[in-house]
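Use the sequences and the hints to build the structure in full.
Residue numbers (my numbering): 14 to 238.
No wet-lab data here; the hints were simulated from the structure.
These numbers were taken from a predicted model, which means no experiment stands behind them.
One should not assume that every hint holds.
Claimed, not checked - Subject to a maximum C-alpha distance of 16 Å in a straight line, what follows is the list of computed EDC-like cross-link-like pairs (lysine to aspartate or glutamate): (1) K96 with E147; (2) K199 with E221; (3) K97 with D57; (4) K199 with E139; (5) K40 with D57; (6) K96 with D166; (7) K154 with E217; (8) K206 with D138; (9) K199 with E137; (10) K224 with E209; (11) K199 with E209; (12) K146 with D166; (13) K97 with D191; (14) K179 with D166; (15) K179 with D212; (16) K188 with D57; (17) K152 with D236; (18) K158 with E221; (19) K97 with E139; (20) K206 with D126; (21) K121 with E139; (22) K199 with D166; (23) K144 with D120; (24) K158 with D57; (25) K96 with D57; (26) K144 with D126; (27) K121 with D138; (28) K199 with E217; (29) K158 with D236; (30) K144 with D166; (31) K152 with E221; (32) K199 with D57; (33) K224 with D212.
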Amino acid sequence: MMVPSLTFLTALLPFTAAAVCAAPAPKYTDFFFRFNGGTSIINDQRLRGNNSFEFFSPGAVNPPFNPSDHFNRASTNSSVPSKKAILFVVPTNPHPPPVPGYYGLSDKEGIPDAYRLLASYRPEDEGAGYKYKEWELVKSKASGKVLLRYSGDTANEWRWIARREKVSDGPTGEKTMDKWVPWYVKPSGANVKVLETWDYRAVELELEVTKCGVNSGAPGGVDQC
Numbered sequence: 014m015m016v017p018s019l020t021f022l023t024a025l026l027p028f029t030a031a032a033v034c035a036a037p038a039p040k041y042t043d044f045f046f047r048f049n050g051g052t053s054i055i056n057d058q059r060l061r062g063n064n065s066f067e068f069f070s071p072g073a074v075n076p077p078f079n080p081s082d083h084f085n086r087a088s089t090n091s092s093v094p095s096k097k098a099i100l101f102v103v104p105t106n107p108h109p110p111p112v113p114g115y116y117g118l119s120d121k122e123g124i125p126d127a128y129r130l131l132a133s134y135r136p137e138d139e140g141a142g143y144k145y146k147e148w149e150l151v152k153s154k155a156s157g158k159v160l161l162r163y164s165g166d167t168a169n170e171w172r173w174i175a176r177r178e179k180v181s182d183g184p185t186g187e188k189t190m191d192k193w194v195p196w197y198v199k200p201s202g203a204n205v206k207v208l209e210t211w212d213y214r215a216v217e218l219e220l221e222v223t224k225c226g227v228n229s230g231a232p233g234g235v236d237q238c
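Encoded structure:
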């Protein structure tokens, strides 16, 4: 067997290094969340965050809007369509945590076949039921919009709903406001009695591509572009 000479192997090194250096960096795309459907108020509305209440969930609120409630923003290097996407939190405040954040589905409230959309910087603390590693990005044939799903729904049984919840408004929680929060549910006999007590609307959850820069001091936390 002929063994390559040291001279030959050494000569290959510059080309190998060049190939490594020339490898393109992963391209990330930023998205806003947007409701499609629901009510005349929440339809086509971007989802916002408000850290003054218990669950760090995106949601839609009635106007007038608080400019300090920033639009929730996600980023991924997965293409569209994709079945194994991770949605990273794009911080819009001046001092984000020193660890990455993730958008996932939380089952902490213990409702069978019902998950709250939740942003977390510590997914390991959210319990074994927190799902965030296998988002599906689906392009609608009818509208061309990018719609969000989660993997494993081979029978097309899961749906997005917008649930109306009461949340505190402001750092002192002196008043409450309505916020429509996305839940991913599979209606079943195990959760029908709970769902009957909720005020909710069927929706689609769209991912709206954005190239506008983050600006913590701007309304919604984003530059106009």
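Violated hints - listed by number, lowest first:
Hint check: 2, 3, 4, 5, 8, 9, 10, 13, 14, 16, 17, 19, 25, 29, 32, 33 fail, others pass.
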